[in-house]
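Protein sequence lines, in the order shown, are assigned to chains D and A.
Start counting at 1 in the first sequence, then tack on 322, and there's your number in my numbering.
Start counting at 1 in the second sequence, then tack on 322, and there's your number in my numbering.
Be aware that one or more of the hints could be misleading.
Copies of the same chain are indistinguishable here, so a pair counts whether it falls within one copy or spans any two.
What the hints assert, rightly or not - Simulated pairs of lysine to any residue, SDA-like, Cα-Cα distance not exceeding 20 angstroms:
id: 1; residue 1: Lys324; residue 2: Asp377
id: 2; residue 1: Lys384; residue 2: Thr408
id: 3; residue 1: Lys681; residue 2: Thr334
id: 4; residue 1: Lys328; residue 2: Val650
id: 5; residue 1: Lys384; residue 2: Asp417
id: 6; residue 1: Lys328; residue 2: Ser675
If you are wondering where the hints come from, they were derived from the structure by calculation, not from laboratory data.
Number of protein chains: 2
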Amino acid sequence: MKFDRKDLPVGTPVVGMVGGGQLARMTQETAVALGIQLRVLAEGPAVSAAQAVADAPVGDYKDPETVRRFAAECDVVTFDHEHVPTELLHALEADGVKVHPGPDALVHAQDKAVMRARLDTFAAPAPAHQVVGTAADVADFAKRVGGFPIILKTTRGGYDGKGVWFVDGPDDPQVATAFGSGVPILAEEKVDFVRELSAIVARSPHGQAVAYPIVESVQRDGICVEVTAPAPGLDPAKAAQAQQTALRIAGELGVVGVLAVEMFEARDGRLLVNELAMRPHNTGHWSIDGAVTSQFENHLRAVLDLPLGSPAARAPYTVMVNVLGGDVEDMHRGLLHCLARDPGLKVHFYGKSVQPGRKVGHVTAYGDDLEETRSRARHAAAYLTGTIDE
Amino acid sequence: MKFDRKDLPVGTPVVGMVGGGQLARMTQETAVALGIQLRVLAEGPAVSAAQAVADAPVGDYKDPETVRRFAAECDVVTFDHEHVPTELLHALEADGVKVHPGPDALVHAQDKAVMRARLDTFAAPAPAHQVVGTAADVADFAKRVGGFPIILKTTRGGYDGKGVWFVDGPDDPQVATAFGSGVPILAEEKVDFVRELSAIVARSPHGQAVAYPIVESVQRDGICVEVTAPAPGLDPAKAAQAQQTALRIAGELGVVGVLAVEMFEARDGRLLVNELAMRPHNTGHWSIDGAVTSQFENHLRAVLDLPLGSPAARAPYTVMVNVLGGDVEDMHRGLLHCLARDPGLKVHFYGKSVQPGRKVGHVTAYGDDLEETRSRARHAAAYLTGTIDE
Numbered sequence: 323m324k325f326d327r328k329d330l331p332v333g334t335p336v337v338g339m340v341g342g343g344q345l346a347r348m349t350q351e352t353a354v355a356l357g358i359q360l361r362v363l364a365e366g367p368a369v370s371a372a373q374a375v376a377d378a379p380v381g382d383y384k385d386p387e388t389v390r391r392f393a394a395e396c397d398v399v400t401f402d403h404e405h406v407p408t409e410l411l412h413a414l415e416a417d418g419v420k421v422h423p424g425p426d427a428l429v430h431a432q433d434k435a436v437m438r439a440r441l442d443t444f445a446a447p448a449p450a451h452q453v454v455g456t457a458a459d460v461a462d463f464a465k466r467v468g469g470f471p472i473i474l475k476t477t478r479g480g481y482d483g484k485g486v487w488f489v490d491g492p493d494d495p496q497v498a499t500a501f502g503s504g505v506p507i508l509a510e511e512k513v514d515f516v517r518e519l520s521a522i523v524a525r526s527p528h529g530q531a532v533a534y535p536i537v538e539s540v541q542r543d544g545i546c547v548e549v550t551a552p553a554p555g556l557d558p559a560k561a562a563q564a565q566q567t568a569l570r571i572a573g574e575l576g577v578v579g580v581l582a583v584e585m586f587e588a589r590d591g592r593l594l595v596n597e598l599a600m601r602p603h604n605t606g607h608w609s610i611d612g613a614v615t616s617q618f619e620n621h622l623r624a625v626l627d628l629p630l631g632s633p634a635a636r637a638p639y640t641v642m643v644n645v646l647g648g649d650v651e652d653m654h655r656g657l658l659h660c661l662a663r664d665p666g667l668k669v670h671f672y673g674k675s676v677q678p679g680r681k682v683g684h685v686t687a688y689g690d691d692l693e694e695t696r697s698r699a700r701h702a703a704a705y706l707t708g709t710i711d712e
Numbered sequence: 323m324k325f326d327r328k329d330l331p332v333g334t335p336v337v338g339m340v341g342g343g344q345l346a347r348m349t350q351e352t353a354v355a356l357g358i359q360l361r362v363l364a365e366g367p368a369v370s371a372a373q374a375v376a377d378a379p380v381g382d383y384k385d386p387e388t389v390r391r392f393a394a395e396c397d398v399v400t401f402d403h404e405h406v407p408t409e410l411l412h413a414l415e416a417d418g419v420k421v422h423p424g425p426d427a428l429v430h431a432q433d434k435a436v437m438r439a440r441l442d443t444f445a446a447p448a449p450a451h452q453v454v455g456t457a458a459d460v461a462d463f464a465k466r467v468g469g470f471p472i473i474l475k476t477t478r479g480g481y482d483g484k485g486v487w488f489v490d491g492p493d494d495p496q497v498a499t500a501f502g503s504g505v506p507i508l509a510e511e512k513v514d515f516v517r518e519l520s521a522i523v524a525r526s527p528h529g530q531a532v533a534y535p536i537v538e539s540v541q542r543d544g545i546c547v548e549v550t551a552p553a554p555g556l557d558p559a560k561a562a563q564a565q566q567t568a569l570r571i572a573g574e575l576g577v578v579g580v581l582a583v584e585m586f587e588a589r590d591g592r593l594l595v596n597e598l599a600m601r602p603h604n605t606g607h608w609s610i611d612g613a614v615t616s617q618f619e620n621h622l623r624a625v626l627d628l629p630l631g632s633p634a635a636r637a638p639y640t641v642m643v644n645v646l647g648g649d650v651e652d653m654h655r656g657l658l659h660c661l662a663r664d665p666g667l668k669v670h671f672y673g674k675s676v677q678p679g680r681k682v683g684h685v686t687a688y689g690d691d692l693e694e695t696r697s698r699a700r701h702a703a704a705y706l707t708g709t710i711d712e
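Pulled out of the complex, with its shape left as it was, chain D reads as follows (with noise of 0.2 angstroms):
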């Protein structure tokens, strides 16, 4: 640790994140402000978070030992990802590390199989779904939904529309590519949903939880591009329910820190569950600069144990457009003509180089005007993209 204890005020926590990319980059800007210690194991020396923390050690995140000692000097260690096995985490809380989401609850955000599994046994509302091994199975599973389209699954490993095929029918060459991966396969209804939504919560160790407004999001190739907070006409009793099935979630799972239910609205009016994270998520970074408290200072204080803040919006309505890479390499040229355009426009770079469809920043609006609000950031990101040039 680059840091001695005795180097630090008393009672300074010492928070590790497994993993250098843009949440841990972002939580750093919420550890900074409440005087936590961020320690970050990073992939590489210049990653995201290592740009932006004092204390970044590179390692492999699979080798225990790297891992416990990484975990030795922390207070806490909580997750960037949720790659990190499961062995290896009841490993250190064998050790007396605090692992904050424990693996327990951790696995279910790694395997979507026993996600299902276990959302089923308190009938969380979910697609139908079903862990196939062969074609014939694949068929029958398509058979007891009502037809194909039907959707595969990698149960590990899957993330931003990876791991993730739509099969039209039984001789489909995609389902041949699921069993190809090597990963068992979980076979999913296709849902006709109106729009996606998300669910955010914060839960502490000693089980506080806060909600925040439900959002919707859009997705694109599989990756969040727009998330407006809240969800524009979305039933009160609806907003209820999802808030509620997600604090279930976190509730029966014992997640700590914050969980993110990603959900379709389907056109039969059902909210069905569809993803889970337990990390601050993409459809929560509109909380940065749209709520009281952000998700990242919730998931800080909820893995430290420490009273939850107000999830509440502060404003009426608060878009958050993703920033891809695209064509453009020098991203911060275009914030001159973005900042000039829109004094009220934030923008967030994560310290990555552009490639084209990586994630390397978001932009978020707020204001009274649904329509208005959504243009701007639209424009922001566009232009910051490259896709328009005015």
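Chain D is fixed; fit chain A onto it per the hints.
What follows is chain A alone, placed relative to chain D:
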């Protein structure tokens, strides 16, 4: 430099800040968001900002070679404090380094005699003042302003009430103390004021400027303890006048970055300039949680010549109260109570060990009702300091 330019995304600006105090630390919060790489020239390896940035070489800001080496890796150099020798900054500029604010502006925040003389050239409203060299000068000055008490100040090096003496008569021992300080002394009229105000503006190299709402500040023993934004009950015409005075000063002096103009609201209605600071200022900390763009973000934008952000307040009232070191050594323990009591409270700790009277953090509350908002912020600060226990 810890990061080679090639390790950072194309176009990433590198801002060097001389001094590793809480202002640099709070600047880091916004630098991380904006994808700006902040380097800090730190007084020690574990000072406030060094705990929060990836790149904080330790060095003496009075040593030309140290500062030159530091600046060589930065796009622009700016300051956490005003103590870097003017001649050293002139030498940097001669080497082609961008220094913001530049030495010709900064000298007005470093030397009160220079500041007073310069402000007189464009008739900025000020208390009567005079450089004094002897006890006889002091007596003459007192006669000119209608008698004692008067104030003596060191022209250089004072801060937080240090280097300021209230003199009750010609034989007051404070006169000898002031002249014994070894620094030229400025005598000032003791203004009969109803309250202190502060005008914060930010200005870019090409002259764009924004003015924050005028705030009321409360000082105790020369230390800022509480700030209310906007200053309650301030006549709008007077508020506009205070903003214009600050904008005028920023323009006349060629300030780049944040300028704080502390003022007296005199009982006779005049607004008189008390002190200048050319950096983010304690009376602007409310803007982190209370304004669309914080003073730290606008300081960074200004020194990088990026368009400035809106300084508008986000709530009817925002109150910031400093957390000063008291009897409680562990600042973090009090958080449990404060955060549980007030889910909307924003707490900022500076990573500084408690010493009596030392600024170790601040709390901010915002809301619709002035008295309630004030009472929330005052309670939290008092509880964290240890002056109340429930």
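Verification of the supplied hints:
1. For a Cα distance limit of 20 angstroms, the shortest separation of Lys324 from Asp377 qualifies both inside one copy, at 6 angstroms, and across copies, at 12 angstroms.
2. Proximity of Lys384 and Thr408 under a CA criterion of 20 angstroms is satisfied intra-copy only: 10 angstroms inside one chain copy versus 52 angstroms between copies.
3. In this assembly of identical chains, Lys681 and Thr334 lie within 20 angstroms of each other by CA distance solely across copies; the values are 16 angstroms between and 32 angstroms within a copy.
4. Taking CA atoms no more than 20 angstroms apart as the test, Lys328 paired with Val650 passes between copies only; the shortest distance there is 17 angstroms, against 46 angstroms inside one copy.
5. With identical chains, the CA atoms of Lys384 and Asp417 are at most 20 angstroms apart within one copy only, with a shortest distance of 17 angstroms there and 48 angstroms across copies.
6. For the homomeric pair Lys328 and Ser675, the shortest alpha-carbon distance between copies (10 angstroms) is at most 20 angstroms, but the shortest distance inside one copy (37 angstroms) is not.
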